[in-house]
Amino acid sequence: MTYRSALAVTADGEVFEGRAVGADGVATGEVVFNTAMAGYQEIFSDPSYAGQVVVMTASHIGNYGVTAADDQADRAWTAGIIVRSLSRRESNWRAEGTLGDYLQQRGIVALADVDTRRLTRHIRDHGAQPIAMGVDISEADLREMAANAPSMVGRSLAYEVSTKAPYTVEAIGETRGRVVAMDLGLKRDIVDNLTMRGYEAVVVPATTSAADILDLDPAGVFLSNGPGDPEPLTQPIAAVRGVLGKVPLFGICLGHQVLGLALGAVTFKLPFGHHGGNHPVQRLADDKVEITSQNHGFAVDPWALSEGEAPTVTGLATRDMMPGLMSSPFGEVVPSHQNLNDGTCEGLRCLDIPAFSVQYHPEAAPGPHDSLGLFDNFVEIMENN
Amino acid sequence: MARRTDIETILLIGSGPIIIGQACEFDYSGTQAAKVLRREGYRVVLVNSNPATIMTDPEFADATYLEPITAAVVERIIEKERPDACLPTLGGQTALNVTTELAKAGVFERYNVELIGAGLDAIERAEDRGRFKETMEGVGLATPRATYARSMAEAMSAAAEIGYPVMIRPSFILGGGGTGLAFDEEDFITRARYGLSVSPVGEILVEESVLGWKEYELEVMRDRADNAVIVCSIENLDPMGVHTGDSITVAPIQTLSDREYQEMRDEAIRCLQAIGVETGGSNVQFAVDPATGRRLVIEMTPRVSRSSALASKATGFPIAKIAALLAVGYTLPEIANDITGKTPASFEPALDYVVVKVPRFDFAKFPSASTTLGTSMQSVGEAMAIGRTFPEALQKALRSLESGHKGLGATEAERAWIDTPDTVLVEMLDRPTPDRIFQVGEALRRGMDVATVAAHTRFDPWFVDQLSEITEVRHEIEAAQLLAAAADPAVRPCLRTAKRYGFSDAQLAYLWQRPEDYVRQLRRDLAVQVTYKTVDTCAAEFEATTPYMYSTFEDEDEVPPAEKPRVLVLGSGPNRIGQGIEFDYCCVHASFALRQAGYETVMVNCNPETVSTDYDTSDRLYFEPLTVEDVLAVVDAERPEAVIVQLGGQTPLNLASALAERGVTIAGTQPASIDRAEDREQFSALCAQLGIRQPPHGIATSAGEAEQVVDQIGLPVLVRPSFVLGGRAMRVVYSYEELSDYLTDIYGEGMSDSGAGLDLSAAPLLIDRFLESATEVDVDAVFDGSEMLIGGVMEHVEEAGVHSGDSACVTPPPTIGEEAMAAVLSATEALARALEVRGLINIQFAVKGNDVFLLEANPRGSRTVPFISKASGVPLAKVAARVMMGATLAELRAEEVLPQSFRQDFMAVKEAVLPWDRFPEEDIILGPEMRATGEVMGISESAGVAYGKALLATGVVLPESGNVFFSLANRDKAIGLAAAQALSMQGFKLYCTQGTARYLDHYGVPNEVVDKVGEGPNDGLALIEAGEVHLVVNTPRGSRARSDGRKLRLAAQHAGIPCVTTVQGALAATRSLQAGRDALHAPRSLQDWHR
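Read top to bottom, the protein sequences are chains A and B.
To convert a position in the first sequence, counted from 1, into our numbering, add 15.
To convert a position in the second sequence, counted from 1, into our numbering, add 9.
The set of hints was computed from the structure by calculation and includes no laboratory data.
Since we're looking at a predicted model, the values are computed, not measured.
For each residue, glycine too, the CB sits at the ideal point set by N, CA and C.
Mixed in with the good hints, there may be bad ones.
Said to hold, decoys possible - Each pair of labels, with its calculated beta carbon distance range:
| # | chain 1 | residue 1 | chain 2 | residue 2 | range |
| --- | --- | --- | --- | --- | --- |
| 1 | B | Ser379 | A | Lys303 | 39 to 45 Å |
| 2 | B | Pro574 | A | Gln120 | 54 to 60 Å |
| 3 | A | Trp108 | B | Ser206 | 38 to 44 Å |
| 4 | A | Trp108 | B | Leu491 | 43 to 49 Å |
| 5 | A | Lys303 | B | Arg604 | 45 to 51 Å |
| 6 | A | Trp108 | B | Gln282 | 25 to 31 Å |
| 7 | A | Lys303 | B | Val966 | 26 to 32 Å |
| 8 | B | Glu49 | A | Pro181 | 58 to 64 Å |
| 9 | B | Asp534 | A | Asp156 | 31 to 37 Å |
Unchecked claim - Each computed EDC-like pair below joins lysine to aspartate or glutamate, with the alpha-carbon atoms no more than 16 Å apart:
| # | chain 1 | residue 1 | chain 2 | residue 2 |
| --- | --- | --- | --- | --- |
| 10 | A | Lys303 | B | Asp235 |
| 11 | B | Lys113 | B | Glu84 |
| 12 | B | Lys573 | B | Glu650 |
| 13 | B | Lys351 | A | Asp357 |
| 14 | A | Lys179 | A | Glu246 |
| 15 | A | Lys303 | B | Glu343 |
| 16 | B | Lys374 | B | Asp932 |
| 17 | A | Lys284 | A | Glu246 |
| 18 | B | Lys857 | B | Glu904 |
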C-alpha cells in the first residue's frame, strides 16, 4: 500500500491525520457528517453537497464499488471526502469500478484512515464549520485556509450548481403531463420519480421567472433540492410567489425552504444539519412515522407565520413544538411533518392552494423508500387541479 | 395510542433449559421484558424451568414458576393466575411452540387470555413452510422456486425445470431426514427415490438450491400503528448452507449497494405486514445470488431470536424491551431511545463501527460428530467483538473465542496448517468447518489470490480482500522484527497499523519472538495506546448517556470520568459446555449487589447472548475479549478498586495470576489460594494436614507405573491426563485390560499420528481410586474470613464418576446421614479457612455410609450457585461479591442483603439437559466428561415429584403404563432391583436380557427374556423398532461390552423413547412415576414456596 499522509484542519484548529486516497490537491468546504451506512456514490454526486466536505461515519466506504446508474449528477460537487476506511477492492455484481478511481477521475480530494468519530463528535459539539484538507501542504497553511474560508450562511450556491439552460426529460410510458422542475441542485432520482409516473420533466435554471415557467403550461411545478443558504435565493423565491395558486407545486429540501420563504416564513441554520438515512419524521395528519433520507443544513422556522411562540422542550420532541394553523399571503398553511429527533419542521402544506413541500428526500437515493408516496400525492394534486 | 389499561396481568413464557440453538439470549430478552413490564405497572407471571436465569430471580416477576414449560403445566398456571394477556414472543421456539399448542387446544379462549405480540395466525403463517411461501408470493416477494413431486417422473421434470443443483426435502419428515442437495441427475435419482420412500406421504419438495448464495438478515421492529424500523442488518461471512448460528456474521451489511439494501428493507417490512406480526421484533432472512443480485426471502422468525440479541448488543437498541412495550400498546415514537434519552425509538441505528460474531464449537466432546458445518446448528456459544473496521473486529472476535487463536493466525495454533500442501489447503477451503477461517488466513499468508480463496469458500471477495489486508499487515510486522527488538521509534507506524488491524500483543509477541509484556511496554513507550469509543445507536450524532464502550486504536478516547469507586467484574466469555449461563448469572448478581452498595460496576465480557452484556446491567459495559491485554487496558482506563475473577468460571480465573502479577488487585480469594487448590500435590498435603480424607490416588509416567499405582490403590480407578481440564478424556476403568485400552486411546499411536498425541512423561496420568456406589455431594459456601455461610448441600442422583454437570442433584440431601453431613460441613469450613477464602467455595465429596472423601475443592463460584440460590432463597453470588469487597456476613445480615435465617421446606432437583438430538450418533451414556448444555429445576415437597418435574422439564415424558426394556450391568443389579420391583408393581411389563432376567427371577420379579442383540429375532432392537417398548433402562457395562447397549440406546433415542442410563436415574424415575402425572403438573410459584 502506497501511503501518502494527508491532513485536515478545521476552522477552529482541530487537526486530523489521514491518508490521501482521492484527487491530488487541497480542498476547503464546510465539513458535515453523514450517518448513512450505504449510498456513498449518491451522496458524493449529490449537488446539494456543493461547497461541503463530507465525513462518512460508517467504517468502510467503497465496498460495493461505483456504477453510473447511481450517479445523481454528471459531475461531482462535493468538495472533499473524509472516511475511516476506503475499500481498495470493490465487490458487487453492479460494480463498474472502484470508488478510489471514481474520486480521482472526478477530482474529489479524499482522506482515509481518519478518526472520523472524533471529527463527527467535534462537528456535533462545535457545529458545522469550514475545514481545509490536502496532501503536501503544511498544517499552518491548512489552518489559515480553514479559518479564512467563507461560512455557508449567505451563500447562494444553488445558482452555481443549477443547469445553465433548460432541458427536457421524456416521460416513461404514456405522457400524462408536464412538470417544470426548477433545478436548484436537482438529483437525478427525483427526475426519474417524475418521469416514471408519466410526466415529462422540463428542467429549468434556478433563475427562471414565473412568467417563463407558466409559459411552459405545466401541470405542476417542482422545486428541487440544492446546496447553500436559501435566504439569498431571491429569484426562485420570486418565481414561486408568481406561480403559487396558479399551478400545483411540490418542493423538496432546498425547494421546501424556498416555498417557506415565499410564504413568509424564515429559515435558520441548524448547528450541524441533518445528513443521513435514519431520521424519523412524523406525518402530523395521522402520526405515521417515516424513516427518511435527509441532507440539509438550514431549516424553515414556521413560527414566523404564527402568532404563537415555540415552547422549550426537554426530552422527546413534542407536537406543540410546531405551530397549528398559520396564515400567509397565499392563505392558510399547516406544518405537515415534524422531525422527531429535534422537533424541527419537515413539511408544509397550503390549505387554500395546491402547494406542499418536505424538508427531506422522498426520492431516497440513498435512503429508505418510506416516503415515495409523496410523488403520488403530487400526481394526484396535478390531476385534480 | 399509549399503554393499555385493559390488561393487568401478563403471562411471560421463558425458553427453558439452554440447548444448542436456544441459549441465554432468551434470558436476556425475558429479563428485559419482565423488568419493563413491571416498571409499567403490570403484574408479571413468569414460567421458565431454567434456574440459572436472571429472569427467574423472584424480584423480576410477581409470580415466578420454575415449572416445566408444557401445555398441561402452563394451562394450570393460567387457571391459577388468570392472566389477561400472554406474551409468547420472547421465549424462543419453546415459548412459541407451547403457545401454539395452548391456542389450538382453546386454552387462551377458555380463560379469556389475549395473545399479545403475535397471534396464532401470524405464528403459523411464519412457521409453516407452505403457508409462508404462499404469503410471501401474495405480496410479491420471491422465494426459492419449488415443486412438490409424488413420483419419480414428477420429480425428474421438476428438477429439469429448476436446474441443478436442487434441494430435496421429503414431506412430513421429523428432523429433516432425507433432506439434501443433488448436484447432478445421477445424484438426484438416488436421493429423490430415497426421499419418496421415507416420506410417510410419499412426497418430496424439489427446490431451487441457494447453496453458496450470500446470506443476509434484517431485524425489524413493528408497532401497532404500522410504523416499522430496521434495527440492524447482518451479513453472513459463511454463505447459504451454513446455519446462521454457526456462521461468522457481520453487522452492518457490507457488500450491498444502497439500492439493493433499500429494496431488501422494503421487502422485510412487507414480510412482517403480510405475516401479521402486529407488534415486536422479527428476523427476516434473505439469500442473494452474488452473480445477478437476485434476492429471495428464505424465512422469517416472528419473535425475538438469537439474532435479535446480537442485533441489540451490536446497535445498543434493546429489541426485547421495546418489543414488550409495543406489545402493551405503545408505539415506537412514544418510546425514548435509552442511549440518547432525547430521541425516539422510531429510528434506525447508524453504526460507525463493525461488529463480528464468531461461533464457538465443542466438537471434541462429541467424537461421533463430523466437524462439517451445515444447516443444523451445532455451535454451543458465540463471541462478539466490536472494532472500527472489519479486520479489527474479526481479530478481536477470534481472540475472544478462547480457542487458542489470538486472532487470524500469527499464533502457535497456526502451526496446524503450516506444513499443509497448497493443494490440500485449497481443498480445505471448500469445506465449512470451525477452522476454515484460519485456513483462509493461512492461504492468504502464502499469497493465494483473493479470487481463488473467494471461489473456494464462497466468501464475498470484499471480505477476503479485507482478510488479505490483515495478512499483508502481518508481513509488515514480520519485516519490522529488528526495529521492534531494538525498540526503535521507527517501528511506531507499523505498530500502530498492526493494532488498528486488530493484532493482539500476543500475536505481535509471537511474530517478534518477544514476551507479550515487551510488546505492551513498547506500545506504552511509543504511545500506541488503546482508545475507547461508545456504542451509541447514532454514530455520534447525539450525545450518549450510557457508557457502553469498545476498544480501538484511534485519536480520541471517550471514557467518561467516574465519580464513585469502581469494581471490575470479568464475565465468562462465549458459552461452552461446562461454562455457560450459570456463571453469567453470578457476574450479573455481583454487579447488582455492588451497584447497590455504592460502587460503580464495570462489566467486561464478549458474549452477546447474556444479561451481563446488557448495558443496563452494570454502570459501564466494556464489550471486550477476556485476555490479559484487553483486561489490563480496561483496568488502566477505569482504575478499579478491585477485579472480580471468581464468578465467571474458568475464563477469568485463568487470567487471575497474570493480572495479579501485573499489579491488579484481585477481589476476595487470592490467585495463590486458587492455585493451591488446583495443584494436586500441594492440595493433597493440605488435606492430609487438615485430616480430610481423599480417595487413594497416584501419578504415573509410564504404562508400567500406571499398573503399579492400580496394584496399590485397587480397581476401579478414575484416570485422566494431568493437563486436561473439565473432565476431558477422563474415564472410569474397571480392569487392567481397560486401562491398557485407555492408554492406547489417549497416548497411543492413533493419537500421535494426528499430531495430537501425548507424551506420558510430559503429561502424566492421574489415577484416583473410583469409589463405587458412593454418593457424590456438592457444597456451595461463602466464607468471610471468620464466618461460614453454607448456601446449600446437594446430593447427586447419579453416582460419583458422572460429571457433576451431567448429574441430577437434590437439595437438601435425602440420604446423607447426620454424621456424614457434619463431616462434610466441618471439612468445608476447615478448607475455606486454610485456603483463606474470601467469597465462594465449592467442594465435591464422595460419601459412602459415614465415610466422607474429598474429591475436589474450587475456591470460586460454581455452576450450582444459581440453583442453590433459587432453592434456599439466599442470593449467594450477591453475598459473595460483597464479601469479596470486604463486607462480613454479619454486616450483610444487618443490611438485609442476607436473611437472618433461612430454611427450605421443600425438595429441589436439578437435572441436566444433554444435546443428543444434535449429535444423533453419539452414545447417550453419562460419564466423567461433561456434555450437558443446560439444566432445569423441579420443586416439590416430595423428592419423587421434584425429580419428575425436572425430568418433564428436560422434555422427558415417562410412560404411565406399557413395556420397559430393562437391562443392567452386574454391578447395578442390587440397586436396580428396587426399580424393577416398583415398575412391575406399577403394572409395567419388563423385557430383560438374560443376566438381568435371571437376577429378577431370583427375587420373583416377573419379566420376559429377550434375545441378545443380533442373536435372535426377538432382540431389544426389534422390540424398540416394533414400538413395543415405552421406556428403556440400560446401564453401560464398561467400554468393551458397550456396543450392544450402545445400539439399543441409539435406537431408543432415534425412536424418541425415554432412556435411562444409570441405575440411580432409574430409581428416581420410578419414584416420580409413583407420584403420578397430576402431581407433576401442579404448579406453585417460587414466591409462594419461600413465603
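To see whether the hints hold, each was checked on the structure:
1. Ser379(B) <-> Lys303(A): 39 to 45 Å: Roughly 51 Å apart at Cβ, these two residues miss the hinted range, so it is violated.
2. Pro574(B) <-> Gln120(A): 54 to 60 Å: holds (58 Å)
3. Trp108(A) <-> Ser206(B): 38 to 44 Å: Cβ of Trp108(A) to Cβ of Ser206(B): about 40 Å, so the range 38 to 44 Å holds.
4. Trp108(A) <-> Leu491(B): 43 to 49 Å: 45 Å Cβ-Cβ, so the 43 to 49 Å window holds.
5. Lys303(A) <-> Arg604(B): 45 to 51 Å: Violated - the Cβ-Cβ distance for Lys303(A) and Arg604(B), about 40 Å, lies outside 45 to 51 Å.
6. Trp108(A) <-> Gln282(B): 25 to 31 Å: holds (29 Å)
7. Lys303(A) <-> Val966(B): 26 to 32 Å: Given about 49 Å between the Cβ atoms, the range is violated.
8. Glu49(B) <-> Pro181(A): 58 to 64 Å: holds (59 Å)
9. Asp534(B) <-> Asp156(A): 31 to 37 Å: holds (32 Å)
10. Lys303(A) <-> Asp235(B): Roughly 8 Å between the alpha carbons, so the hint for Lys303(A) and Asp235(B) holds.
11. Lys113(B) <-> Glu84(B): Answer holds: Lys113(B) to Glu84(B) is near 12 Å, not above 16 Å.
12. Lys573(B) <-> Glu650(B): This hinted pair holds, its Cα atoms lying about 10 Å apart.
13. Lys351(B) <-> Asp357(A): holds (8 Å)
14. Lys179(A) <-> Glu246(A): This hinted pair is violated, its Cα atoms lying about 21 Å apart.
15. Lys303(A) <-> Glu343(B): holds (12 Å)
16. Lys374(B) <-> Asp932(B): holds (12 Å)
17. Lys284(A) <-> Glu246(A): Status holds; Cα separation ~10 Å.
18. Lys857(B) <-> Glu904(B): Violated, at about 40 Å.
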